[in-house]
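As they're listed, the protein sequences go chains Y and X. Here the first sequence is numbered in this note's numbering, starting from 1 and rising by one per residue. Here the second sequence is numbered in this note's numbering, starting from 1001 and rising by one per residue.
Derived from the structure by calculation, the hints contain no laboratory data. Treat each hint with caution, since some may be false.
To be verified - Listing some non-contacts, in silico: residues in chain Y with all C-beta distances to chain X over 10 angstroms: (1) T18; (2) A29; (3) T51; (4) G114; (5) L121; (6) R177; (7) L277; (8) A293.
To be verified - Now the in silico label distances, taken between C-beta atoms and shown as ranges: (9) F1131(X) with S91(Y): 52 to 62 angstroms; (10) I17(Y) with Y1151(X): 53 to 63 angstroms; (11) M262(Y) with R1308(X): 40 to 50 angstroms; (12) V1213(X) with N90(Y): 14 to 24 angstroms; (13) Q280(Y) with P1160(X): 44 to 54 angstroms; (14) A158(Y) with Q1007(X): 52 to 62 angstroms; (15) E87(Y) with Y1167(X): 53 to 63 angstroms; (16) A158(Y) with T1266(X): 38 to 48 angstroms.
Note that beta-carbon positions come from the ideal geometry of N, C-alpha and C, so glycine has one too.
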Amino acid sequence: MDQFVSPTSLPSYLEQITEVRARFERLKAREVILDVQHLNKFFGTGPRLTTALKDINFCTHRREFLCVVGPSGCGKTTLVRILAGLEEKNSGEVLLQGKAVTEPGSDRGMVFQGYTLFPWLTVKKNVMFGLEVNGHGKHESEQQALQWLQLIGLEKFADAYPHQLSGGMKQRVAIVRALANQPRILLMDEPFGALDAQTRCRMQAHLLEIWRKIDITIVFITHDLDEAIFLADRILVLSAHPGEVRELIEVPVPRPRSLAQMISPAFLATKARLEELIHQSKSDDDEEAETYAMVARLTDVADNVE
Amino acid sequence: MKTRWLQVLKPLSPRARRVLGSLSFVLPILLWAFVSYVPSVWHPQVLITKPGSVEYLEPGMRMDKDAFDDEVASAREDNKPPPEGYPSNPIYLPAPHEVAIALYTAFTTPPVSQDGQWLHQSLWHSIQIIFWGFVISSVIGVPLGVLCGTYGVFARLNEPFVEFFRYLPAPAFGALAVAILGIYDGPKITIIVIGTLFQQILIIANTTRKLDVGLVEAALTLGTKNAKLLTRVVIPGILPDLYRDQRILLGWAWTYLIVAELIGTTSGITWFITLQARYQHFANVYAAIIMIGIIGVGTDMILALLGRRFFPWDRSLEKSN
């Protein structure tokens, strides 16, 4: 029963073993890639005005893996869409290597939750797409696309159409399609949200493998706390209504990550802290939970299931 | 296993599809045959074989059953030979076999008048009218529809007017078209263009708007800009749906054909139909109408097959026929 670590016996999530601390020191010594300052975003006008994001501040360093978590409705997706340039901010600054972000561009890649591979293009041509619209030659684009497909082990599917791939394969192609442009940063909006549990697990390992091999900074949105701890260097925790930064947590779990770590004290301590932060801020889910108490009993009093 | 016929949104077995598909043709033909070949069903008239003592009757004439019965009764009263005949349908409803024969002989029968046209010449003329009407409409309507669906500016600038104009019946412009373009093919093509174009703009604009916005956003984050967004994402993305729309609109153009051909000098298949009706060759009239249907459905089936070739990645094809 030693798998069951009681919350009181957990170490503090702030405690870092020497190698983890050293890694964070190295990470913070690297140059800042993305710098977000006093970012505000409102929706609606007049009395209907709601604040989606309020005074968001954070920065990521080169080759950092940053996860963003928060209760539903905290504006995670809005944040990443602003970073991508797909949505406009109301005030504040988003700087990519010191340059202000105003519109979508090939310096920021994005992977969406839904499948957004172009259905009319083969897998290879999907990967070539970004290169071609950015002025690379056809031959060069093709060579690079094939290399990217090799990286994710899908070179056999180069001439298949997206509809012939499984959900996990589609998202792998979507990741390398974004990476083919060699962006400075990869934005991922719950990319594995639509996948089943096993596939999601494999995809997380895949993603870490890719991240380890190439020079890319990742901002990864998720609502799955285990996923966030498993993947991230640091986790940005947002609260809902309005979306504000609650804490930027440095994950004390050492790398390389493995599934076995999910029951390690450092992992559990981080998870306990995340849950504490997220449940503090009242979300839409709490209102739903309250309604359960109002459900009348419709079975015989002796007919119990638990 | 018990076959269950009424299942919501469940595809039928291939066999059931084939059987039901042929029944959809066989059943109306059976009904037609039933009305034509069973004398006790309908047959409101009598086809005279012998006029008997009635002076105004001739063999081959048709008259109402009541009038015929009266004539028979009065002849019998006067002890004169009564007229003879058998029950028949009005001349405007020929039996299936008569139309079948007409379908076969229509192409082999020379024109009634000397300057007349053979059936295939009439049909070919009609097909040309449709073709040019549809091509002209598409050359304007497809790009405009795509632009309206893609950019709000074009949509607001065009669609309110188009929305108004599409309620104006195309044949209403017949007289105007003749005044401007003369009496030959010009006004006919114009009517087909007017009848098709305005629907075309709206339908294609709507199809374009249905494109998954996620694809456009993905392209944006890959660094796609301006015109490339239109040529590399919007157009290829809507192409299979646009092709389907064009098939439906081509059918639409066909429905304007007869009205269009009546404008100015009557021509094409309409001329053939009017002429045959004037001579009371109703079997030929039906044959010509069926011919229009066969050409229409035939073109659509060919286009559907070609569509499968053009867009091998299109999944919505599996759901439709």
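Status of the hints after comparison with the structure:
Chain X leaves T18(Y) outside its interface by the beta-carbon criterion, the shortest separation being 39 angstroms against a cut-off of 10 angstroms. The claim that A29(Y) lies off the interface holds: its Cβ sits roughly 29 angstroms from the closest Cβ of chain X, which is beyond the 10 angstroms cut-off. Residue placement check: T51(Y) keeps its beta carbon more than 10 angstroms from all beta carbons of chain X (closest about 24 angstroms). Listed as outside the interface, G114(Y) is inconsistent with that label: its C-beta sits roughly 5 angstroms from the nearest C-beta of chain X, within the 10 angstroms cut-off.
Distance check on L121(Y): its Cβ comes as close as 8 angstroms (rounded) to a Cβ of chain X, failing to clear the 10 angstroms threshold; non-interface status is violated. For R177(Y), the shortest C-beta to C-beta distance to chain X comes to about 7 angstroms, within the 10 angstroms cut-off, and the non-interface label is violated. The beta carbon of L277(Y) is kept farther than 10 angstroms from every beta carbon of chain X, the shortest such distance being approximately 30 angstroms. Remark: the non-interface label on A293(Y) is consistent with the geometry, its nearest Cβ contact in chain X lying 37 angstroms away (cut-off 10 angstroms).
A hinted range of 52 to 62 angstroms holds for the C-beta pair F1131(X) and S91(Y), which are about 59 angstroms apart. Between I17(Y) and Y1151(X) the beta carbons are some 57 angstroms apart, a value that agrees with the proposed interval 53 to 63 angstroms. For the hinted restraint 40 to 50 angstroms between M262(Y) and R1308(X), the CB-CB distance of approximately 48 angstroms keeps it satisfied. The hinted range of 14 to 24 angstroms is satisfied by V1213(X) and N90(Y), whose Cβ atoms lie roughly 22 angstroms apart.
At roughly 52 angstroms, the beta-carbon separation of Q280(Y) and P1160(X) lies within the given 44 to 54 angstroms, and the hint holds. Checked against the hint of 52 to 62 angstroms, the pair A158(Y) and Q1007(X) fails, with Cβ atoms roughly 40 angstroms apart. For E87(Y) and Y1167(X), the hinted distance range of 53 to 63 angstroms is not satisfied, since their beta carbons lie about 39 angstroms from each other. The hinted window of 38 to 48 angstroms between A158(Y) and T1266(X) is violated, with their beta carbons roughly 59 angstroms apart.
In summary, the structure is inconsistent with hints 4, 5, 6, 14, 15 and 16 from the numbered list given earlier, while agreeing with the others.
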